[in-house]
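Asker: With the hints as extra help, turn the sequences into a complete structure.
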Amino acid sequence: MITIFGKPLMLLYGQLVLGLINGAFYALLSLGLAVIFGLMNIVNFAHGALFMLGAFVAWALLNWLGIDYWAALLLAPVIVGAFGMALERTLIRRLYGLDNLYGFLLTLGCALIIEGLARNSFGSSGLRYTIPEGLRGSIDLGFMMLPAYRAWVVVAAAAMCLLTWLVIEKTRIGATLRAATENAPLVQAFGVNVPRLITLTYGAGVALAAFAGVLAAPIYSVNPNMGSNLVIIVFAVVVIGGMGSILGSIVTGFALGILEGLAKVYYPQGSATVIFVAMAIVLLVRPAGLFGKA
Amino acid sequence: MLEVSGLNAWYGESHVLHGVAFEVQEGEVVTLLGRNGAGKSTTMKSIMGLVPRRAGSVRYCHRETIALRPDLIARAGIGFCPEDRGIFAGLSVIENLMLPAVVAPGGLDLATIYRLFPNLAETARRQATKLSGGEQKMLAIARILRTGARLLLLDEPTAGLAPVIVQQIAGTIREIRAHGFTVLLVEQNFRFAEALADRHYVMEDGHVLDMISKAELAANPGRLHDYLGI
Chain A
1 MITIFGKPLM LLYGQLVLGL INGAFYALLS LGLAVIFGLM NIVNFAHGAL FMLGAFVAWA
61 LLNWLGIDYW AALLLAPVIV GAFGMALERT LIRRLYGLDN LYGFLLTLGC ALIIEGLARN
121 SFGSSGLRYT IPEGLRGSID LGFMMLPAYR AWVVVAAAAM CLLTWLVIEK TRIGATLRAA
181 TENAPLVQAF GVNVPRLITL TYGAGVALAA FAGVLAAPIY SVNPNMGSNL VIIVFAVVVI
241 GGMGSILGSI VTGFALGILE GLAKVYYPQG SATVIFVAMA IVLLVRPAGL FGKA
Chain B
1 MLEVSGLNAW YGESHVLHGV AFEVQEGEVV TLLGRNGAGK STTMKSIMGL VPRRAGSVRY
61 CHRETIALRP DLIARAGIGF CPEDRGIFAG LSVIENLMLP AVVAPGGLDL ATIYRLFPNL
121 AETARRQATK LSGGEQKMLA IARILRTGAR LLLLDEPTAG LAPVIVQQIA GTIREIRAHG
181 FTVLLVEQNF RFAEALADRH YVMEDGHVLD MISKAELAAN PGRLHDYLGI
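Line by line, the protein sequences are chains A and B. Residue 104 in the numbering used here sits at position 104 of the first sequence, with consecutive numbering throughout. Residue 180 in the numbering used here sits at position 180 of the second sequence, with consecutive numbering throughout.
It should be emphasised that the hints constitute simulated quantities derived from the structure, not laboratory data. Only a predicted model underlies this, so the values are computations on that prediction, with no experimental measurement involved. C-beta: ideal position from N, C-alpha, C; glycine also. Treat the hints loosely; a few may be bogus.
Claimed, not checked - Just some of the chain B residues that point at chain A, by a computed CB distance under 10 Å:
id, residue
1, Pro70
2, Asp71
3, Ile73
4, Ala74
5, Gly79
6, Asn96
7, Met98
8, Val103
9, Gly106
10, Leu110
11, Arg174
Answerer: See the structure below:
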């Protein structure tokens, strides 16, 4: 049996794949958080709940309307994104200009309400969402068997992250967003409807979370706690990567997922805390985050 | 083109503009002169809707704009070049240039802008804040020429710039006026303003004290000196 640093190779590969998948979710979720924080200075604590909502909407689409996974990948983000825009319009908008503690409290409250409602309606145990046809089975990589759906998750998440990065860095609307992140009133003085831009950006960040939720539905059981489990780790990812840094969120998300996977192999006792240890170190050495602007 | 009357503005509890009144005719270059803290920049920001608490009347092309949001004021046809240039660090030169929305036909096209400001063509892809202070000022002015805005608000365009660059900017403003733009200029450098403007309004402590035309100034150059206490 081949071992690396004393652990079986197959174990290492398995955990690396798992780490990559977790990293994919961390990247997608922290990307949405970073975009929202960068523009609105709001720490969107509702992000985990909206991720969970994405998974639930996908489940509901399938079980109530017979709409399959592939359509749900498109529809659930749109539906949850629209819900997010309504949230921003009615509630979050009122807190601009205040200490961002208020935004944190409000979105935390929203998260608790959403999760509570989900728990009341569907119970705490999970709902099953079967892996869609065409993504079942495994791919034989020679040195290991890779479950096809998990490979899809990593590819889809990476593609979505790349697409988001391209839109922000290379398009005109992305330039407007980047400028508004620096000086929103001035951008408004140039004729851009900044309040509407903010609403759309919040919707887009939320849609990213919901997209991750649909990806997650077949892997994790669709349950009301799936968001709150993730959101604390995602915050750590955003802090490490640098609040508001798009590239930072993507790279750090994947990297920390892999780091967590490695920890599970070589130091399982620390695997739950390794990300927070990393966050503490980064905050001491480089408080703005690895990719942040100081 | 622009009629300001009874303009009052507040920063929080502080009442900073008191019944400011002046007007700008189409095609003119008009300056707001005064010492630091006179309220010139605040007046400009109030016209642009960037001071949240304001009252009175600002009529642009006979249209009341006092209560409008800044983006709607921009879309009415007013372009704003802020005192600190307002160049966005996260954007390249060309991205900064293309950022403002085109609000009306008749703005200068990119080719004309590059002819007026050739260094912007050379540095198009560079990060905008890597430009020198003078180049950034040029970029800030060029930005609003593209939008089709007919009234340009320039807030201290020569502040902190070397004399050679100041002359360049003076030339640019003359060219802009030749293209038919109307310019409201805030300046502390009254020699610069003297050479360019048709009329000057002198401000102090949030009030407009006086209006001096080019002809009056030529006849009595000491008048401005008296007001500005230099």
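Asker: Taking the closest Cβ pair, is B/Leu110 under 10 Å from chain A?
Answerer: Result: violated, 14 Å to nearest chain A Cβ.
Asker: Go through the hint on B/Gly106 and say holds or violated, using the shortest Cβ distance to chain A against 10 Å.
Answerer: violated (15 Å)
Asker: The hint names B/Ile73 as touching chain A; please verify it with the least Cβ-Cβ distance against 10 Å.
Answerer: holds (8 Å)
Asker: Could you check if B/Asp71 really has its C-beta closer than 10 Å to a C-beta on chain A?
Answerer: holds (5 Å)
Asker: Does the nearest C-beta of chain A fall within a distance shorter than 10 Å of the C-beta of B/Ala74?
Answerer: holds (4 Å)
Asker: Does the CB of B/Pro70 sit less than 10 Å away from some CB of chain A?
Answerer: For B/Pro70, the interface hint holds, since the closest Cβ of chain A sits about 4 Å away, which is under 10 Å.
Asker: Does B/Asn96 hold up as a contact with chain A if the rule is Cβ-Cβ below 10 Å?
Answerer: holds (8 Å)
Asker: Regarding the hint that B/Met98 lies at the interface with chain A, is the smallest CB-CB distance below 10 Å?
Answerer: Where the cut-off is 10 Å and the nearest Cβ of chain A is about 7 Å from B/Met98, the hint holds.
Asker: Does B/Arg174 pass the interface check with chain A, least Cβ-Cβ distance below 10 Å?
Answerer: violated (25 Å)
Asker: Is the interface hint satisfied for B/Val103? The criterion is a beta-carbon contact with chain A at less than 10 Å.
Answerer: holds (5 Å)
Asker: If you take the shortest Cβ to Cβ gap from B/Gly79 to chain A, is it below 10 Å?
Answerer: Status holds, d = 8 Å.
In summary, the numbered hints that this structure violates are 9, 10 and 11.
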